[in-house]
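If you're matching them up, the sequences are chains A, B, C and D in order. Residue numbers for the first sequence follow our numbering, beginning at 1 and rising by one. Residue numbers for the second sequence follow our numbering, beginning at 1001 and rising by one. Residue numbers for the third sequence follow our numbering, beginning at 2001 and rising by one. Residue numbers for the fourth sequence follow our numbering, beginning at 3001 and rising by one.
Hints should not be assumed to be uniformly reliable.
Lysine-lysine pairs mimicking DSSO-like chemistry, simulated, CA-CA at most 27 Å apart [claimed, not checked]: (1) Lys2465/C to Lys1071/B; (2) Lys2007/C to Lys82/A; (3) Lys3130/D to Lys1019/B.
Counterexamples of contact, computed for chain C against chain D with all Cβ distances above 12 Å [said to hold, decoys possible]: (4) Leu2020; (5) Thr2169; (6) Asp2247; (7) Met2493.
These are computed hints drawn from the structure, not numbers from a lab. Cβ atoms here follow ideal geometry from the backbone N, Cα and C, with glycine treated the same way.
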Amino acid sequence: MIEFSMKEAEGGTIIVRLNGDLDIDSTEIVEETLLPALENYKAATLNFEEVPFVDSSGMGLLLNVVQSLKEKGVHVMISNVKEEVQFVFELLQIPEILGKDTFI
Amino acid sequence: MLLTVEKEVQNVTTILKVKGLIDITTTNIIEPYLEEMDGMETVILDFSGLEFIDSTGIGSIMNAIYLSREKNFTLKLQGIDEMTNDVFETVGLYEILEAFHGEVI
Amino acid sequence: MQSIISKGKNIKEAIDVGLLLLEAKKSEVNIEILQQETKSFFKLKSKEAIVKITKLEQNPNQEQPYKEEKDPIKLMDEFLHHIPDPGSESLVDLKPKPRPAPKSNELAGKVWVKNGELFCQSSPTHYPLVTIPDGVKVYRNEQLITEKSFVMTDIDFYEVQLETEEKETVWKVVMDPHKLRVELHIEPGYKITRSLLDTEPAQHIELMIDEKKETYNTLSYQEVMDKLEELRVKHGFHQNEIVKAMDAAEPGVFTIASGIEPIPGTDGWIEFQINTETQIGPRETENGRVDYREMKTIPNVESGTVIAIVHPPIPGQPGRTVTNEPLPAPQTIPISVQSGRGIAIIDNKIIAIESGRPHVEKRRSIAKVSIMQKLTHPGNVDLSSGNIHFAGDVEVLGEVSERMVIDAEGNIIVHQSVNMATLTASGAVLTHGSIIGSDVSAGKNNMIVTELGHLLGPINQDLAKIIQLIKQLMLSPGFKASDFSRGGLQPLMNILLEKRFKPFPALVKEYVETVKRNENYLSDKVWAETAKSLSQLFLSLSSEAISIGWMTELSEKLKELHELSQMPVEPNSYITVPNVLSSRLYCSGNVTILGQGSVNTKIYAGGKLTINGALRGGEVFGRFGAEINEAGAESRTPTIIAVPGDQKIYINKAMDGTSIKIGNVQYKFSETRSRVIAYLNKHGRISFE
Amino acid sequence: MYKDGMTYVHQKNSDGLTIMDKTLKREINLARNIQSQLLNGKTPVFDGGEVSGSSVPARLIGGDYYDFYPLVNGKIRIVIGDVMGKGIPAAMLMILTRGAFRSAAETTKSPADTLTSMNQALYADLRTLKSFVTLLCADWDPETSTLTYANAGHNLPLYIKGKEQVVQELPKIKGIMVGGLPNQVYNNHSIQLHDKDTVFFYTDGIIEAQNHNKEQYKLERLVQTLMENKQKCVGDIEKCVMESIEKFTEGAPQRDDITMVLLKISDQKAEITSLNSPLMK
């Protein structure tokens, strides 16, 4: 289960702090609440500092979010990924898929 | 006596003439002779009077061979009859003699 | 005359001790060196220096005829002065031999070597000359003489330094990885001692060296046994070799222990009770013509005949390592027999339950036995007879005409020509007449298996990577594996396939389609089963739960199939025809054109390609080489002969314009060439023998 | 008087024997039992032939030695030996020899290697004790019917050819007795045996057995006895040889131990596999 908090920053950027596991139970919140909330910003930064685990559905979800936001012209960045989660991302080559510059 | 030993000294050569049989009961007779060979260059064991030799006797001859190195003399064996020769050959006594620079004459 | 014998660590010490005892000065005595001190290889063997010192009479001149020339005592002093330190390696022979007493006029102006020492006698008119060979150092008054030759005087002191060489015994014990053999490598130590050779007095001499090599093999029995103990060698010692190694004077290798090698067993096999020889095709007569009547008839069996007996494998005998561990014999593989049509297997007997031609197909340890039925078509195959599809052998006594199709699970034999038709056989194709404008394939199933094998290689590689990745993921701390129990691996698989293994689904699709297309030729159900599994896993988007265990199992099966596809088939199919024109021949085995040859035809031979006549135009390929009598066309129609990189092309006469291709390298003959044997050399270029 | 188990007390009893004599006699008897148990141990049973051995000491206790050792490769290693001297000293050395054989047999590849190993192991001790041992070691391979043997100063075994009906010595092979010289290399020699062939290993105590007239039993009598009984099984041949010697010597005291080992090849060739390596009876 995941929770998130949002904070607006300069230049039409929204910073999203995610808190909890990004997994199959997060699907509804992410797709129905988070995604629509970000559509109107120029840029969004997803802070993964408080995300200890991801699973395969979570990763599918993440790919989906980034891609649909990109289609709508929102520039997405992912920040503060924990080492363990980063390892999983790298196994699946998520940085290659999303572009290495997505991760900060 | 089952075994008699005649000792003949010529300069630096000693000849020991063995007569009778060398076995467990008589080896103690021959051994003292071999012990007193200091300063000798050649010691000849003459077996022409030998009637019988058993393994203990062969042991005595081996001791003589080993002594020859210790006391620095050349050991020579002579007067070996055919039967004794067979026994010596079987146990490999001649090879040991050769290794210690002794000889059969 | 009072004399004593004195011992010391070195000569100097021995003399000093002696003089002290005699209460004499060096000038009052005559010193004779009885034994030089030696520093031996072994400390045990080192010897002390021994000298004999004799107190001289009042007038020593009488005994010393050389007194006037050179006082020996003084000479001795000089020698002693130059005695090397005990630590130095050089050896100087210090024995002062009584000097030879030659007549002085004879020796004047001459130099000589006696007892390893250099002597000379000067003369007012002539100075003696000494030449120094390589490896020898001569010192004059402790100064090294650098010239090749020097003039020797008797007022100077000369010292000849000769090197000794010492090497210690080096040995090691090596055990092979199978623990079946222990070798002792030994290089016995040695010491090379050099000394000066005596030389007759002459006005000019060259120093000559004598070299003595003594071997010191210090290897001890106990050292070897300790080493063997350390290696845990317990069994199969060759004691004699150890003793021989201890005695060795030359470097050598001794096998000091050896284990017992396991005796391999025999794999399971099929022992045929009948003749299944079907390989013999038409024979060529002495005058070069082909006599098709000589063709061997294919054996037939009645139902109930025992075709073969299946033998179980005979296990091998285990061996034993030198460390006394059992060494198992290689695993023996039983032969697995699949009963095809018309075959029953009872106990270990293969029995025909139908009459017909027994057919055996063997790939490594799998044999498939079936009874081929035979359809004999008495006339021509044409529109009136219709196409022939038969699960067995087909023999056509007439010809096969336009657009007709023959499809056989066994062999196809056509007694006359084949014209614009399609012949497909799982077995062999034999025609007695020419093939014109037709498609002929033989060993179709084998070719499909080979094709599928090519696909399976990369598929299985990728699949193995996917499995490994998933396993890695599940172990990584940042990954939440709980959803696998609910959603299965599907979501993960989607990510992987979409992003990381993009070409993979296409490969799987090709495999699945190839299997589907050739279902008729793939009698083994395993192909269809794997195709179905692969399709479910990677092609459908079903949310059916898939487990890692299932994938691993599939991977194992694919690996097995891939290996199977690489194995040669026995017996392979073949195509043997007299002539072929504007056709396409595909065969998993050998293709043989016995008659005038092949014109404008594409030939693929999975075995060897042989054309007894001419090859005019077309593209031909022989997996195991090509042998062609005459290649090329006057009309310059492109003629290409291809083989893989490891094969050779033989052409008796290659006309200009003919191309050959070996591996990926192509060559075109610019002029007609005879007796061509072409191959790829180690630089990857085409060479001719 | 201070008494403990280590001190023999000189005290005549009624029979005129000292107590020490009695104690000594008892201990020698114990030693003899140990030796005889070691000698008459297990005899291996295998297909394609049979072996048997026996030893009669000249005194209470002897210096002759024989042994069988089944190898992992299915062969049987046979050894026969004669320790210099007699009585207790020889018996002690015999036990030493047995230990050296057992450990060498376990580790070495061939009879020659066994002898080399035994010489390496025993040389120093035997030199110190001024003694030696003659040994003959042989490997019988039931699978190939070959006998491979090596000799360290022992007399050659007799070979009774079942088919040709002749008795001869095994082909000569030389080697110095164990304890003679260090670092000895021994050589192997092999012969092919056939059905009904017998190999008779022995110590010279047999042919030197004497009767009251100081006549020796001699090789001729031994050969004669073997010829007469060659068709019998090993146990019976052994018994007949022993009886023949007893009859000849008429109970005269013997100077040397009498020891023999027999190996007889029988035609019932069972299939040899790794499973039927010799079993112990």
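To see whether the hints hold, each was checked on the structure:
no.	hint	result
1	Lys2465/C to Lys1071/B	82 Å, violated
2	Lys2007/C to Lys82/A	86 Å, violated
3	Lys3130/D to Lys1019/B	23 Å, holds
4	Leu2020	43 Å, holds
5	Thr2169	15 Å, holds
6	Asp2247	7 Å, violated
7	Met2493	50 Å, holds
Checked against the numbered hints above, the structure breaks hints 1, 2 and 6 and satisfies the rest.
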